[in-house]
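Visitor: Here's the letter readout for the chains.
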Amino acid sequence: MGEPLVDIHGASVARHGPLVLRDITLHVHRGEFVGIIGPNGAGKTTLLMMINALLAPAHGQVDILGVRLPTWRGYRIRRRIGYVAQVESVDPRLPMTVRETVQLGAAGRLGWFHRLGREEARKADEALNQTGLTRLAQRPIGQLSGGEYQRTAIARALVQSPELFLFDEPTASVDPRAQRDILHIIQEMHLDRGATALYVTHDLHTLPERCTRLVLMKEGRVWRDGPKEEMLAPALLRELYERAGGGSSNGGPGEP
Amino acid sequence: MMPQYLINAILAGLFAGVSCSLAGAFVVTMHLSFLGVCIAHAAFAGALMGVWLGFDPLLGALFFSLGASALVGPLADRGELSPDASIGIVFSFMIGLAFLFLGLTPGSRTEALSLFWGSILTISPQDLLFLGMVAVAVTLGILVFNKEIHATACHRNVAAAIGIPATLVFYAMLFATGATIAVSLRSIGGLLIYSLVVNPAASALQLTYRFNLMLLLSVLFGVGACWIGLAASYCWDLPAGAAIVLSSSVLFAVCTVMSPKRRAQQ
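Note that the protein sequences, when read in sequence, are chains R and D.
Here the numbering used here is used: the first residue of the first sequence is 1, the next is one more, and so on.
Here the numbering used here is used: the first residue of the second sequence is 1001, the next is one more, and so on.
Keeping only pairs whose Cα atoms sit at most 25 Å apart, straight-line, the calculated SDA-like set for lysine to any residue is:
(1) D:Lys1261 <-> R:Arg139
(2) R:Lys123 <-> D:Leu1143
(3) D:Lys1261 <-> R:Ser89
(4) R:Lys123 <-> D:Val1144
(5) D:Lys1261 <-> R:Ala137
(6) R:Lys218 <-> R:Leu69
Just a few of them, taken from the derived set where beta-carbon distance is under 7 Å, the chain R residues facing chain D:
(7) Arg78
(8) Arg79
(9) Tyr83
(10) Arg93
(11) Leu94
(12) Pro95
(13) Met96
(14) Ala107
(15) Gly108
(16) Leu116
Worth flagging that the hints you see were computed from the coordinates, not collected in a lab.
No residue lacks a Cβ here, since even glycine has one placed at the ideal position from N, Cα and C.
Let's have the full structure, built from the sequences with the hints guiding it.
Guide: Printed below as a string of structure tokens:
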């Protein structure tokens, strides 16, 4: 097993007062593709934000890519992490093209005082081609469909050449065909690069086949962690998505 | 031979046009237009305090506009209040202070009242120097940190996620906007300066999807509005600040009518 890129022991995170993550322990090793599932409000996105040094842990020990959190230079860790968030609405008049957005992936690593040059342009072309966006390269970023926007975000993460990918429901709010395209790109990327990835979803339909390990989250805690086949046992899923004190489902899992 | 006061006014128009329109490009792209209004009124209140207490109004304007930038950013960022509400609260506080200082100022209040509409034709060499310094600093900042500013202005969350210190860039641009407004206040006027920040950038945004072209067009429109306004003021004896702001408004109307974005949406 490779070295741990994510090494978390007993971490908690508070947002606007109350704790939203409690006593999280999670280790992710180089080359692993880990899925994180759970009902709405389980803390999946918060966990990714803490790993991406966007939220500071209140307690516990958190080491990401060998750097102890919290750190006031969290941006240095983020340069080494490719983060693909959920689809956002973007101003259709925004002065930025798809190509510029993808090329920006290299901006963080490049650092201050360096201009985006030929090498970054070449990487952007490659990523645009890999994600099937070449014909949309000059289109304003605010004029894309949800699926195209997510492919742009993945292309930007590819240009970043990260050591760790974080996918936060990348197929949410996009049509089934776009979902298939996005999953295909993510799986190809893992196959080609052997990249380490954490993939959050609440829809088990959209869990990539390359995912071999599943973390089940409930009420801000890691509830179960193990091989995908074991974690997808119907009884376990029923219990995961059951409301506390009630019997109805919460944030529907879909079928595996 | 052109009189010295007119040369100074033309240079002031150049410097104010450049720095206001560049700061405006950031404010408009980030949808923070109301924040510009808030900083402008803070600068106005600070300048009036200077008049009341007898120190240089420019110092008061700088102090208050930078203070307002430092106050509004964290209020909006912490998410305890919506950005609109936090900016609105600081804005109303600043306008209250402005009128309080105006009321407390003894005597004829001529200097205080001239801060309302500006006096570009009587700009002092010292104010011209400050205007020039800020214009050069803002231009250099945008040239050197172009990719960071572009990313933060268009998509602050993405900029943070890819490892750009987006919060630092955001606050640096807020302070640059505050400094720009403070040094331009005496030339353009407290009630008018805000239009010179927003109108050129908003006009440029009508015409292009390219950020750097937007910056260039914004500067052309900003300087153009200043010079057209000055010419109109000189020819027809109009108040210069008002003529400059009205010129920028007319430019915005023309750009909106000619906008390819508008045609595309139709």
